[in-house]
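**Q** We have chain D already, so just place chain Y on it with the hints.
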Amino acid sequence: MDLNTIWFLLLGVLITGYAILDGFDLGVGVLFLFARNEEERRIYLNAIGPVWDGNEVWLLTGGGALFAAFPIVYATVFSAFYLAMMLLVTALIARAVSFEFRGKLTGERWKKLWDWCFGLGSLVAAVLYGVAVGNVIRGIPIDESGIFTGSFFGLLNPFALLCGLVGVAMFTMQGAAYMALKTEGELRERMRDWTVRGWTAFVVLYAVATAASILAAPHAFVGLLGKAAFWIILLLFAVAAVLVPVESRRERYGRAFLMSSLSIAALIGLAAVGLFPRLVPSSINLAYSLTIYNAASTPRTHMVMLIIALTGMPLVLVYTAYVYSVFKGKVVLTEDSY
Amino acid sequence: MDPVLLARIQFAVTIGFHFIFPPISIGLAWLLVVVEGRAWRSGDPVYVEMGKLFGKLLAFTFAMGVATGILMEFQFGTNWAEYSKFVGDIFGAPLAAEGVFAFFLESTFLGLYLFGRGRVPKAVHWFSILMVAVGSVISAFWILVANSWQQTPAGYAIRNGRAELESFWGAVFNPSTFPRFFHTITAAFLVGAFFMAAVAAYRLLRNREDEVGRRALRLSLVWGLVMAILVAFPFGHMHAQQVARTQPAKFAAIEGLYTTQAEAPLVLFGWVKNRPPEIKAKVEIKGLLSWMAFGDAQTPVRGIDEFPADEVPPLWMTFVSFHNMVILGLFFIAAMAWGVLQLWRGPPWESSWYLKLLVYAVPLPVIACEFGWVTAEVGRQPWIVYGLLRTSEAHSQTVSAGEILFSMLLFGVIYVLLGALWVYLMIEEAKHGLEPAVGKKEVMV
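Chains D and Y are the protein sequences, given in the same order.
Counting from 121, one number per residue, gives the positions in the first sequence under the numbering used here.
Counting from 300, one number per residue, gives the positions in the second sequence under the numbering used here.
Looking at chain Y on its own, in the form it has when it is part of the complex:
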């Protein structure tokens, strides 16, 4: 088998699995900053309970992220040695900065947060979850800097057969860093909100009086609605505009535009065939793509036919993942908006179907993140560093297909088991402290 393809599949599997956890951790950490802040200021036992419950869920998810994250950092060297040699002068620094500025902060203060309750002053305890949350965002920033540089390289010069650093800030603030960072970080906040809402809904379905569930629902719906809007507008929109400017082949692929044209249409739905590039059964709005990408319906947008065949990303996968992400994004706004509306009109916990919807919707924001990641990374193909280095030239020459296959199967099996256990135990943990609905005492503030 082709070692490049295997190395790509291994990377996709291991990073795809890893990427389930950090958005949940980031989103949950910031919600806990709010919850623990209220617990500290008011001393209200319901908030203290909430803090403990979601703190445990955070700890468990964080541990999964750490465990699966170690491989990420090593994998550039083990599987993509040629890539590492080519980009090391630029790409290593953000990874090291992530360690120095973020990993130490989150990991050290998470220990203090989880084990320090009652041992340190309440203000310090709150400060520790704040540092976890701040660390998680700094971490996201630096890893997205590294990723963005792969997408839109800047601040470098090609010398000695590799990319060498010319301007550190140029590389850090390359054209896609900010759009990607804000889009991704608001997505993580949204994931956290859906996660908290699902736990709350799950508890409320079992006991409508559960005060922890009610307050968690209220908090997560409001926060979630804000984030569901922000992730799409302005940040998703800005990110797409940046892709249109800086990676036109990717933009054409994800939008399903196969011929260059003025008044380019926005394709809403369709079925993509890779060869020859064609979309069947499509629904489109004329001129809308030109207008959304460049602010003018007359502006021509470059289609796939403009690019040499060996510089075009896979069409089906990018179109499908991008469009599903967008559809999910619209669903998130609707789901959160309905819940927020109910906060005024009658409590949302009165509505069984809505609570069930929230419970079953919990994987969707994570799936949307995965779609977004596929859109970004498959859309970058055939380049590993956009325009500079091809993926097919970047793998480790000394690692055989058999070795990759072996490790891929090894991690495949481990990850399936860990993933299943994580889901099962999270559900068990979500019930923690939940009293049965019948004959329970009213929790009073």
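So here's chain D without its partners, still in its complex pose:
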């Protein structure tokens, strides 16, 4: 396996880590829009309070890794998605500051303002991630010299928007599965229902999106059935996805969350198998696509980055796991809470 392939995989790992971890944060944000009273809202916020910031670092590290490993993709895609990126950043800023701002003053309107910032910020971010992935799978107009020739509105095509909905459903499922671990009583029952609801929407929308992608992204299916990785990940996805509602109904919330996380990982894996070795297909001509070879850094940089990842990430995983274990269990509101 060459370094380019290793970095394709590692980037997948970072994106998966982000989707699983900040995925539940975003889902909690979406569900927050449906919270019934102030105490519930505080439970939502404090369920993710100690960890959301660390979860978001997966995005920053993923961005840095993309810049370092495949700078041409970083430069081309980020500038091509210019307005969408600015919207995404606005949404992420809105949700990040609302944690701190919300509790600083009393007053209904003040709280309401930041409630909306948090909820809508999460929702918009969830949609935009889906839209971005949809566009990458479908391919974007890149010409023979690697220049993006499309427009912002071209990114809002039906297939990408459909993927945006898949994103919202998936994160809602993940957020509800997480919240079921952090709550009790009636709220927990509602979270269980939301897990199943989110799951249903996710499975249906994903099936539709997959069918649509045969038309929208035929290149992703060429030779797919002959790849062992495809069948293994598909099987994993099927098992995990089936078990989400099953475990949820049996009130085994830990397993339900695990299965929800696994199905997210498998979904990203399926997209990656379809793309490989391309990173961004060109919708003008597949030959113009950005691949793990023509968009890559030098082997020396890949090696340096690999050493950085292998020394740093195990440590990250250890202390992240420790912090999660400290905050395991139900949310308890104290004076240090949001």
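Check each hint, because a few of them may be wrong.
Claimed, not checked - BS3-like, lysine-lysine: derived pairs with alpha carbons at most 30 Å apart:
#, chain 1, residue 1, chain 2, residue 2
1, D, 448, Y, 355
2, D, 232, Y, 730
3, D, 450, D, 224
If you are wondering where the hints come from, they were derived from the structure by calculation, not from laboratory data.
Remember, predicted model here, so these are calculated numbers, not experimental data.
**A** Relative to chain D, chain Y alone:
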């Protein structure tokens, strides 16, 4: 409108706003390591209170830094795609290293620090703020590595139309990394000290008996004096000497030296005109610049006239920002030294004017940091990578002026609102737990 100019303004606005927060976080985190350490070892409730107060202020400021920082990392790709393609093989690695080694550390342990009080053993709680502080310095290191490489590129070769990595350590420890790192990090410590001193002074003005305020003042004055000296000497001085060696055009611009000469004068004050290069009403000391830059008053220093017109940075802005930074630096030493002197001669909280001075001085170290950053980055112009790639060739070809203008206005409005709210709420938070001066109980240890 010119998309390059707009992209530059957008970058300046967004990074200038972002750069308000990290120095405060870095400085405050290390002071909290001291405060929480004492709270843990002595169990003294005053230190516990101090930890909670400044911990909340840190959390709020840190969140602002995170929120405004996401844009920073994306902006290279969105606005400066040609730059990103040119430097990606070198510049991306420090950014990724910052994520792996620093952002995870600070963010994860900040959560533990803020929410873990009472849930984890006290030693672990102290360890968590220590990790936040360590992470913040590692973060500063890697981002300054990236920035320094733009200023004094090393460890690369130009191949395939881009800079490719030849030596990782050569790129990391390029000629300006260490001078820049030490100068910037001591500046951040100084910002933290002024910040804590201002909060303490604000509380003491309302209640001279406030024990949290007294101890915070004592700690921040001593720490602040040390940092105010270090940031200028040796680190500021070393940094300037390095600029003189490695970026002579920048050095000539910031010092206001427009003709090459031996016994070059140090310009203390003056009014700069860009075209033709000229300083009016200047006060200067002959030979001092040569001596400070190269250790010998006779050594010639290269002036602006040595460089082609299209390789000269803007003169007015670099001169003004650099000189104001230096003046502020001298003020910081004086302000902190006076306070430390009062710790012996009679407590500084007896002096109303001094407490007021500290309160109103709180934006100044942040402003000095911004001046320093303008000096460094405007002084690098017209290059985005010094000597290798021009700023005018580095922006995203596919992004229109209209799109940049739109996002710039969007962030402009958001940042003005967020900034105003942050200042207002920080002031509210600073009063936390403050009892009214009249009829209050003495806080005893």
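**Q** Has the given pair, residue 450/D with residue 224/D, been kept, meaning a C-alpha gap of at most 30 Å?
**A** Satisfied, since the Cα-Cα distance of roughly 24 Å is no more than 30 Å.
**Q** With a cut-off of 30 Å on the C-alpha distance, tell me whether residue 232/D and residue 730/Y pass.
**A** 25 Å, holds
**Q** What's the verdict on residue 448/D and residue 355/Y, does the C-alpha distance respect the 30 Å limit or exceed it?
**A** 23 Å, holds
Violated hints: none; the structure is consistent with every hint.
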